[in-house]
Amino acid sequence: MPEKPEKLDPLKLSEQLEAKLGAEMDMELSAVEASKVIAQPEEPAVLPVAETEPAGKREILTQEEIDELLRGVAPADKAPADELSDVRRPESPSILGGRRATDPIITGEPPVFQRPGGELVSGGRRPAADLDAGLNSASSSLNGKAPFTEREEKTEVAEKFIVSEKSGTTEKLPIELIEVAEESEKESKKSEEIEAALARAREEYVTAWQATAKAEKETSKLSVIREKIRNFFNKREDKISEEFFVRPPERKEKTVGGAQAEAQEAKERFVKAQESLKVSIRAYRDSEVAQIEKKAREVKLVEKTEEEIKEEIEKQAKGILLATTLREAAKIDSLKTDKKIEVESMGKARRYVNEKTEEFTDWYKNLPFKYKILISGSLAGAGAITGSAAVLTAVMAGQMALRSLGGAMTTAGVEKLVKSLQEKSAEKKLTKEFEGKFLEALKNQNDALDDKLFEIVKGQQSAKNKRFIIAGLAGGIVGTGILASLVKEAFGASGGVKTLKSGQTMVFRAHPDNIAGKDIIDVQQPSQPIRPEELGEAGKSFLPESDISEPGGPEELGGAETSAESPAPEASMEAPTAENGGRAVESVESLVIGKRGVEGAIIDYFKDNPDVAKKFGWDGEADIKKWAGTKAHQLWLASVETELAKPGMAEKLTEQGFTPDAEGYAKAMRKIGQGFVELDGQGRISLSDNTSFFKAETPLLEELGGAESAVSGSAVEVPPEASAPAGEALTGEATVSAEPNISTPKIESLLNAEDLTDQKIKEAVTRFVDPAVLKDKTFKAAAKITLSQLLEEVPPEAYKGKYGLSQYWHSLSEPGVKTPKLPGTSLLGEISYDDFRKYAEMAKFLRENPALKNVTGLGKMTMEEFLHLYGEDLGRK
Amino acid sequence: MPNLIQQDVLKELGINQLPAERQEEVLAAMTEAVIKRIILRLVGELSEEKRGQLEEIADAGDSAKISEFLAANIPDHETLVKEEVVSFKKDMQATVDGLLA
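Each protein sequence line maps, in turn, to chains C and D.
Note that this note's numbering gives residue 558 to position 558 of the first sequence, counting from 1, and the numbers run on in steps of one.
Note that this note's numbering gives residue 2 to position 2 of the second sequence, counting from 1, and the numbers run on in steps of one.
Keep in mind that a hint or two might mislead.
To be verified - Quick list of in silico lysine-lysine cross-link-like pairs, PhoX-like style, CA-CA up to 25 angstroms:
(1) C:K607 - D:K11
(2) C:K339 - D:K50
(3) D:K82 - C:K646
(4) C:K336 - D:K89
(5) D:K90 - C:K267
(6) C:K631 - D:K89
(7) D:K89 - C:K607
(8) D:K65 - C:K348
To be verified - If you want the footprint, here are the derived chain D segments under chain C, 3+ residues with CB under 8 angstroms:
(9) 37-43
(10) 82-93
Hints are computed from structural coordinates only; laboratory data are not their basis.
No residue lacks a Cβ here, since even glycine has one placed at the ideal position from N, Cα and C.
Next comes chain C alone, as it looks inside the complex (with noise of 0.2 angstroms):
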């Protein structure tokens, strides 16, 4: 809408308006003095050149004699009398402007002209005469110039007045205008013809590689056809010469060389061909690139300076010649497949394929671009809302099942899906936001934080979540000492440690039943170790929690292990350090899995931990993010794939509402609490929920001095420091600090010998067991199973050395061998890993606790009976 003129001055306004007629006055007149200029040559009176008497020819009157007449000057004084006379002259110039009276002009009589003869002419023609001409050459000085030449010359420029008065141009002539679009349509062209090259050199591109391809296979057919030949006659008894029953050599030789031939010239079509596609993206790219460069000089960048222009520029090509090279394989392809449909006889099937995929593309085209990446994203199992399946089986039903589809994104269901997924993502803002600030809320008890954490992750606010949920995001920040120390008063236990090597990741889990009555904040360093001169004094009381899937020898966990759980506060720890065999960078780690996944977890420790990578196969150049990306998502699929191969499994998955993918049976997986992915110095990956009822680790029997004072009848009391022995412990050296034998004489002889077998026992499943196991499913699963079933059903060789457990468990995946028949948790109430897991802890506590150990009569007991039995004091303290 225009805006309203301001209100004016009438007076003003009459001068502007006065000012502005004025100028268009000026141009109308001088429009009219061109169109006048313009005009005359078709006014008879002005008559063209052609029809002019040749300049030979003279007339009765010369031209300047009758100009002259015309403005009333007497030819008489002009030069000698032509052929024509004309006897009457006229005479000095009249009140009319020169003319006289008598000038026939002016009277309107006739001439009377004098023919040469003396006969007197009376009217007749006038001599023809350019007026005009005649009127200006002799009255005005026109600088000699040619009268026509400059009625030439000025049409032309009132021309140019002219149009640029109707045009209200005065800048543009058309023809720029026309070279303009002239240019626009070149360019246009161009591209065009662009295109149609690389549509050609693609199409050259996938037949040279279709040739390729069928030479080399027929070479090698023929190939192995003559070595099968070859072999056959050779393994005759007589002998016989394969040439007597094979076509003559030089006729084998040629048809094998022929075809070898033929495979090296179809190769090198090949490579020419892929040369040609080249140049052909390149001549696309520069194209795409002369535009950008052109819209940059039209929008002349005044910002910003030459250079960062072309770096600008640069990196658009980079970018245009990395899209086009990917659409370019993409359609390549789908070229491919296109011929494939073609070559292989599909009869009917054919139509069929083609029609869907033109279905699907025609409706993928209209697809908005979110959800482009949606239906992009499940196909390629990138963790898109939409699962594979649904997108599939709506591209094999054809239009109607692709609109339900596209109805059903859009429908508010899916729309509220994505929003809570988005949702779900201001967790990751979330940590970025506490990070800094994370100390400082964690010691301020800091309520916003929790009551936040809460809300995204739709807390139950059980004592054990918040531990793990701070674990999990305390996890994705790098670690301190500090954090580990502010941790540990969070939760009221005490302590601190001194800052940690940056960049390592801490896991903290706290554990609030310390028997000896304090909570311990037990810190997993999933990689790095922790070397001595990082941690003082107050790094001693930092516990480093052992590795719960971790089962080790005796010779390596059994320090480490203990030092991690000791339930003596007093003792003195020694954390574990490479020298002392404590927890390595070769261990199981147990990450955490976030919002990104199975493989998110895992990605992030190869970034944090590029030493693993390398030992994974990173070869320290490569962008690790995308190294570690393609790795994960490897190891994943290959520890996944036999359970997603499981019958029933695909089922079970789409029953509980989960795509029957790995990505599904994660989510699965982390639904039943397996919320950890553990992975192994092998790769080997396996879902865990990370918990362990097995303390402070089973102290060596050795360690206590002996077998002999094992229980087996004999009151041994085992002293607090003995079972968190001290560094010496962790190298597998039998020293302990403490003394072995030392028993309570009063006790021993107020009690039986079977009395005391009991209370020892009891005492060690109360100090070496936490009481989450009489909740622990795999445990009620196993209610019924005896203790000698189990350990029938794991073997030592289940938790020996640091990858045994992992070993074991994947190796039961191998043909011939038997599960264990125990009782599982997994969803199709199968054993699973974490049972496993669980199981070997026991079996291990059963087998090596001095307290268990050669106790008679415990395998018939089953697992009910004994937790039962033994374990009625967990979790009183």
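Chain C is fixed; fit chain D onto it per the hints.
Quick look at chain D alone, frame taken from chain C:
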């Protein structure tokens, strides 16, 4: 500007670094190519008779029935789909490497 989830997907597909207008272009080309492969592979697993049955069900446009049909006739179709996607990515990578070399 794609949101976080979409960015994750684009990242997974390896095209998050491209300019926005190029992303859509490449995405469309890749998706079309992979769909063709998958459909061809799945149909290739069926006998002539079964293909006919599939076509009949398809004409009805009932994707639930297609799902049942696939489960009954190609029980491991999910695996086949994954294989094709992996194979597609591999081939794409090889082609791109060849063209950029």
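Determine which of the earlier numbered hints do not hold for this structure and return their numbers in increasing order. none
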